[in-house]
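Trainee: Kindly produce the complete structure, drawing on both the sequences and the hints.
Read top to bottom, the protein sequences are chains Z and U. Going by our numbering, the final residue of the first sequence carries number 1637, and the count climbs one at a time with no gaps. Going by our numbering, the final residue of the second sequence carries number 728, and the count climbs one at a time with no gaps.
Hints may contain errors.
Cut-off 25 Å, straight-line C-alpha distance, at most; resulting in silico cross-link-like pairs (PhoX-like, lysine-lysine) [to be verified]: (1) U:K343 with Z:K1536; (2) U:K316 with U:K291; (3) Z:K1540 with U:K284; (4) U:K335 with Z:K1546; (5) Z:K1536 with U:K457; (6) Z:K1540 with U:K335.
Which chain Z residues stay away from chain U? Per the calculated CB distances, all over 10 Å, these [to be verified]: (7) R1558; (8) T1599; (9) A1629.
Since the hints were made in silico from the structure, they are not lab data. For every residue, glycine included, the Cβ atom is placed at its ideal position computed from N, Cα and C.
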Amino acid sequence: MNNNRHVISILMENEAGALSRVANLFSARGYNIESLSVAPTDDPTLSRLTLVTCGNEQIIEQIVKQLNKLVDVVKLIDLSETEAIERELMLVKTRAMGEQRAEMKRLADIFGGHVLDVTEATYTIELTGTGSKLDNFLRAIEKDAILEVVRSGATGIALGQKALRA
Amino acid sequence: MELLTGAEILIRCLKEEGVEYLFGYPGGAVLHIYDAIYNQEDVKHVLVRHEQAAAHAADGYSRASGKPGVVLVTSGPGVTNAVTGIATAYMDSIPMVIISGQVPTALIGNDAFQEVDAVGITRPCVKHNFLVKDVTKLAETVKKAFYIATTGRPGPVLVDLPKDMTIAKTEYHYPKKIKLRSYNPTIKGHAGQIRKAVDLILSAKRPMIYTGGGVILSDGSPELVELTQLLGYPITNTLMGLGAYPATDRQFVGMLGMHGTYEANMAMHGCDVLIAVGARFDDRVTGKVDNFCPTAKIVHVDIDPSSISKNVQVDIPIVGSVPNVLRAMINVIRDEKLKPDAEALDRWWRQIDEWRAIKSLSYRSSDEVIKPQYVIQKLYQATNGKAIITSDVGQHQMWAAQYYHFDRPRQWINSGGLGTMGFGLPAAMGAKLAFPDQDVACVTGDGSIQMMLQELSTMKQYRTPVKIVNLNNHYLGMVRQWQEFFYQKRYCMTYFESLPDFVKLAEAYGHVGMRIEKPGDVEGALREAFALKDRTVFLDFLTDQEENVFPMIPSGGSQNEMLLAERDEMVSTHDEGMVLL
Ligand SMILES: Cc1cc2nc3c(=O)[nH]c(=O)nc-3n(C[C@H](O)[C@H](O)[C@H](O)COP(=O)(O)OP(=O)(O)OC[C@H]3O[C@@H](n4cnc5c(N)ncnc54)[C@H](O)[C@@H]3O)c2cc1C
Ligand SMILES: Cc1ncc(C[n+]2csc(CCOP(=O)(O)OP(=O)(O)O)c2C)c(N)n1
Ligand SMILES: [Mg+2]
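Mentor: Here you go:
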């Protein structure tokens, strides 16, 4: 049984407590959550929640069924089952002194990042991409140079004309 | 338009929903609601003696009548006391609406007096819950609560109502219909799947029908009986499904599972096509999952997709409601004049009858000491098999399930999923309120009855004459049985050195008490008790203290690994089984 990673995108009522129902479900049933990101959509009565989890086929099937069973969940899609893109936002504060400074800027450029804030000793860099691209960036820079990392968790959307709407 | 307070609106909504009884207990946060109750006569309020009993009584009322049970409790300890009752209903999918008082919205989150996060505490044991923060949404919320509780896979729904919401005024309008974009249970089964299932079902050489609580919850018994008799196949029921198929019919092979009959479990193990209907493959039924129905292709009909392929992978899933799906199956079979394989079926029945001949429910009778099984057999006779039986949890529950033959749905009321001791008595009260003209008996044990004894007082006040059949073995018998088998008789904390005089206790509450010590007195006592139509009678049967429940599949065992009686060597349970309950 292989534990594959799944990105599940959920459209749910933007009600107080809706998020806790999802979180509660995962802890109560012993499923793991790798990341979770949530915000209201263009329709303010709805929230979009993207959840990354892993498990074998049977577990993922149960997760999907249990999520669908929540009264607040309108619709959901397992993005791992269709062609989809996945993006995550990362903010990194790095040391940037002396020679390090130019090198850090160069790496940020290669990864398509932006420097958002500069001090004499640090850079704050913004990067978006797939989770593994962000991992690669962190691997590419010196370990000691990392002061702080903030990641949004993955969000995603299916490619093509298919849209998840209420 | 007239303006009403939230409290008045709530009571109007309940009336609109046809609520006959409200089971509750007052307190500060719900005073306004009680004031609204005072001013009307449509909804009758039953004042229990503990909020857990309010939930159990509403639950018993619901299981007996099919209508949702309704509960009203105050904030803080009121709602926490009710949690066990709510969880009990949740595990058995019982429709229930609980109204809990809450501190005023302005104080929520302040650790105010009698504040608890009721929505948070109950979240894992309700189908859904609401916190009302705007009185203009109250009526709609109540409507949603009833709709969600009673449709799809039923369950409890809690509405948390801050005190200021009960005082605020608004226009009253009760929505006739409600539609939720996020909630839409599937009722009708997929025609293609039904067709495939029928083909598989008719190709069976060794078929077996296994049905559960879903048939009762959906009132699908007529369709189940019709289909089963049309096919001529053997049928077994789970503990929750007893009564959905008449137990006295020849095609019924008894309950299955841990304490099921030999023939039911052997037929499960040996079948080639399993037709599962409204049952959820609980671990007390499947035993060791890897070896469950090892040669069978499985059809599973259930309204809840998450029940399907949760514990056991099935071959043909059908999401839908029992009566709809079974009716569709019957139609296909009749329209196309399909016939089962008569010769194979005949062979299969001969095999099953051999298993049946083992008489796995026989027990050693006695002239000296009262055997608990004998009490249930006599109870069955004394009530002509027609009483509504509620039970508590333990050995007595299993004996009631095994020896009282339930011929109709909603006749057997017990806590299967959570196994809540204390359920039986308040549930009996609820059932009696639903059916005042029927005999209601509560089969209980010396341990369980003491968990909700205070309700004897409620039963006096509301004149709900129930017969309490206490199988008094001085032990927490079911636990003692496990200690005997799996802990070399180290009876730790399962013997009651002190028990109350139940006869005097019954009398203190204004009821009739009887103590029965000899087998010869069992029948007479029961007849005498049931003749006292308008009295609650507490029958304290002093039974064989160390009698065990058989047959038994030790946890983690397979369905063909049954222990039939004392004579069987008690193999210690499998290692994986020791962690199971
Ligand atoms: C001491 C003790 C011993 C026990 N021993 C046994 C035993 O030996 N044998 C046994 O069977 N049980 C036993 N139990 C009970 C066991 O724990 C479970 O409660 C029980 O097996 C579950 O029954 P069920 O599968 O019928 O499911 P239920 O809990 O009744 O669930 C009903 C199922 O039907 C579905 N459903 C609901 N409505 C519909 C509808 N309209 N259409 C279609 N489907 C619907 C639901 O989604 C659910 O899947 C024991 C319990 C205790 C406390
Ligand atoms: C509230 C609660 N606590 C504990 C248990 C565990 N338990 C299951 S059966 C049982 C013994 C019940 O004793 P009794 O009511 O005397 O019934 P008997 O088994 O003796 O017939 C216990 C303690 C339970 N099911 N419910
Ligand atoms: Mg006992």
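Trainee: If a hint holds in the structure, say so; if it doesn't, say that too.
Mentor: Consistency of the hints with the structure:
1. U:K343 with Z:K1536: Distance of about 23 Å is within 25 Å: holds.
2. U:K316 with U:K291: holds (20 Å)
3. Z:K1540 with U:K284: Holds, because 24 Å separates the two Cα atoms, which is no more than 25 Å.
4. U:K335 with Z:K1546: Distance ~20 Å between K335 (chain U) and K1546 (chain Z) Cα, so the pair holds.
5. Z:K1536 with U:K457: Holds, at about 10 Å.
6. Z:K1540 with U:K335: Distance of about 17 Å is within 25 Å: holds.
7. R1558: Holds, because the least Cβ-Cβ distance between R1558 (chain Z) and chain U comes to about 26 Å, which exceeds 10 Å.
8. T1599: holds (31 Å)
9. A1629: holds (20 Å)
Violated hints for the displayed structure: none, as all numbered hints are satisfied.
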